[in-house]
Amino acid sequence: MDWMFMLIALLKVLVVLVVFVLMLGAVLTWVERRMSALIQDRLGPNRAQIGNVRAWGLLHPIADMFKAFTKEDFVPAGANRMLFFLAPAIALASTLACFAVIPFGPGEHFTIAPLDSGMLFIIAIGSFGIYGVALGGWASNNNFGLLGALRGAAQLVSYEVTMGLNLVGVFAVFGTMSLSQLVLGQGELLWGWLPKWGVVVQPVGFVLFLIASMAENKRAPFDLPEGESEIIGYFAEFSAMRFATFFLTEFVEIVLIAAIAATVFFGGWQIPWLDPQGVAGGFITVAQIGFFVFKIIALCWLQMLIRWTLPRFRYDQLMNLGWKVLLPLSLANIVVTAIVLALS
Amino acid sequence: MAKLVDRPKADLVIRSYIPEVLRGLRVTSRHFWVNFLTRKNVVTIEYPEEKYPYPPRFRGQHRLMKREDDSVRCVACFLCATACPADCITIKAGERSDKNEKYPVSFEIDYIRCIFCGMCEEACPCDAIRLDSGDHKLPGYTREEEVLQKEDLLAKGGLSIAKQGGILQ
Ligand code: SF4
Ligand code: SF4
Chain A
3 MDWMFMLIAL LKVLVVLVVF VLMLGAVLTW VERRMSALIQ DRLGPNRAQI
53 GNVRAWGLLH PIADMFKAFT KEDFVPAGAN RMLFFLAPAI ALASTLACFA
103 VIPFGPGEHF TIAPLDSGML FIIAIGSFGI YGVALGGWAS NNNFGLLGAL
153 RGAAQLVSYE VTMGLNLVGV FAVFGTMSLS QLVLGQGELL WGWLPKWGVV
203 VQPVGFVLFL IASMAENKRA PFDLPEGESE IIGYFAEFSA MRFATFFLTE
253 FVEIVLIAAI AATVFFGGWQ IPWLDPQGVA GGFITVAQIG FFVFKIIALC
303 WLQMLIRWTL PRFRYDQLMN LGWKVLLPLS LANIVVTAIV LALS
Chain B
61 MAKLVDRPKA DLVIRSYIPE VLRGLRVTSR HFWVNFLTRK NVVTIEYPEE
111 KYPYPPRFRG QHRLMKREDD SVRCVACFLC ATACPADCIT IKAGERSDKN
161 EKYPVSFEID YIRCIFCGMC EEACPCDAIR LDSGDHKLPG YTREEEVLQK
211 EDLLAKGGLS IAKQGGILQ
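For the protein sequence lines, the chains are A and B, in the order given. If you're matching positions, the first sequence starts at 3 in our numbering and goes up one per residue. If you're matching positions, the second sequence starts at 61 in our numbering and goes up one per residue.
Here chain A stands alone, though its shape is the one from the complex (with noise of 0.2 Å):
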C-alpha cells in the first residue's frame, strides 16, 4: 500500500465517479426531462442558456445545482438532525461505491478495485441504499415520510431476492463471480457467429433481472416509496440540496443498473466480431471502453422508455409480482440453467 498505489486508485475514482458517473448522472436528469417532452409530443426544457450558449438545454442540470444549493436547507421540527443529514449521504454513497468494480475496459487499470467476487460486493453495498430510504422516512418526523419508508423497505427487501437470484444463473454459465472474468467469459462466439453474452445465454435471467433492478431503483413503474406525482413519500420532508441528493441518486442507480447489465448481459467492454490482433493496441483499448460506455447510454436509454411508459403498480400488485411471479420464475430459471449445465 505505498502511495502510488493510493494516488493511482485515487486517480481511477475521480475518473469514473466524478467525470464519467455523476456527469452522465446529472446529464440524464435533463434527458429524462427531453425524453419524456419528445415522447409525449413537446419540447422539454431548452431554454437555460449562458450568454448566447444554449445546447439544447445541457445546461439545465448546472441552473438546477444553482437552485438546489442556494434553497432553503429545511429541517423540520422533532427531526432527529444526525440521520437526516446522513440518509441522503448514504443513498448516493452506497451507490456510487458499486462502481468500483465494474470493469470499464479490459485489465486491472481500468476497475477501482478488481475483486475476485464484485458481483457479492455490489450485492452487498447497493443494499445499503436502503437505509437512505429507511433512515431518511424516520428521521424526518412526518407521518408520510416514514410511510413511505416502510413502503420502499419492503420493496426493495422483496426485490433484492429476485435480482441477486438472476445473477445466479449467469456466475453458473460462466463459472466466475468476478465481473472481469465475466467479461471475458462473454468474449466467445457460440457457433462461431453468436456472441457468447449473458443476454444471450440467459434472457429470462436478463427479463427478470431488469424488472427487478428497476424496482431496486424505485422508479416507474415500481416508484410506490416516492409516488412523485402526488404523495411523495420518504423524502417529504427533504428540500434543497438534500433533496438534490436523494434525487441524483436515482440517477446515479440507472447508470449503475446499466453498468451491471452491460458487464453481466452484455458482454461489458467487448465487441462482438472484431479481432483485437488487427488492430493497434491502444486504439482497441479506447474503442473498447467507449463500446461500454455506448451500452450504458443504450440502457440507461432503454429505462427511461420503459419509466415513461408503463403506469404505476398498485402496491399488493407490486408485492404479488415480487414474491408470486418473479421469484418462481428466478428459481425455476436457475434449475433449468443447472439441468442444461450438467447435461452438457
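Since the hints were made in silico from the structure, they are not lab data. Among these hints, one or two may not hold up.
As the list claims (entries may be wrong) - Distance condition first, Cα-Cα at most 25 Å in a straight line; then the derived SDA-like pairs of lysine to any residue: (1) A:LYS14 <-> A:GLN183; (2) A:LYS69 <-> B:THR202; (3) B:LYS100 <-> A:ASP43.
Claimed, not checked - Coverage of chain A stretches by chain B, computed from C-beta distances (three or more under 8 Å per stretch; other residues unrestricted): (4) 41 to 50; (5) 69 to 79.
Note that the Cβ used here is the ideal one computed from N, Cα and C, for glycine as well.
Use these hints to put chain B with the ligands onto chain A, whose structure you have.
Leaving out everything else, chain B with the ligands in the frame of chain A:
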C-alpha cells in the same frame, strides 16, 4: 334493474404483460425517435420567439381610442369606472377648452386588479375604451409598472369614427 356487464377473463398472453408492454414501448419509442429526428409531431410553441395568434374576440390590454383630430374620445363620464367590477379604473376629469365636453386629465388602469371582463368597453357610450389591442399586458417587477397611464393606453389606441355618444344625440 341491474345490468350484467360482460367481463371476459384476460388470457395468459395478456396477463403475462410482456406483449402489451412491448407494444407500449413501441409506441413511446416511435414518438421519441420521430420527434428526436424530425420534430414532426411536436406541438410546442416556443413562446417569446413564436406566438400563437389570438382569436379575434380576445380581450387583452385596453386601448383608448382617438377622434379624427387625434384628441382622446373619452369624455370622462365615469361609466366605465362605475361598471368595472374590479374597481380598477381611476379617472380625473377636466374641462375641454375647445368643446363643451369633459376629458380625462388622467386615466389609470390598475392591471393587478383588472380581470379583463370587458364591462368597461360595454359601458362606454363613446367607443373610447376597447380591449381589442390583441396583446396582453406584459408582467413587470414592481406594482407601479402594473398601473398604466392615459399616455400608455393612448399609445396603442387607434382612430374611431363612431358617432360620439352613440346614435342618439
Ligand atoms: S376589463 Fe373589466 S376589470 Fe378590467 S377595467 Fe374593464 S371593467 Fe374593469
Ligand atoms: S365610459 Fe368611455 S367615455 Fe366614459 S369615462 Fe370610460 S372611457 Fe371615458
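Structure-based check of all given hints:
| no. | hint | result |
| --- | --- | --- |
| 1 | A:LYS14 <-> A:GLN183 | 20 Å, holds |
| 2 | A:LYS69 <-> B:THR202 | 23 Å, holds |
| 3 | B:LYS100 <-> A:ASP43 | 9 Å, holds |
| 4 | 41 to 50 | holds (count 5) |
| 5 | 69 to 79 | violated (count 0) |
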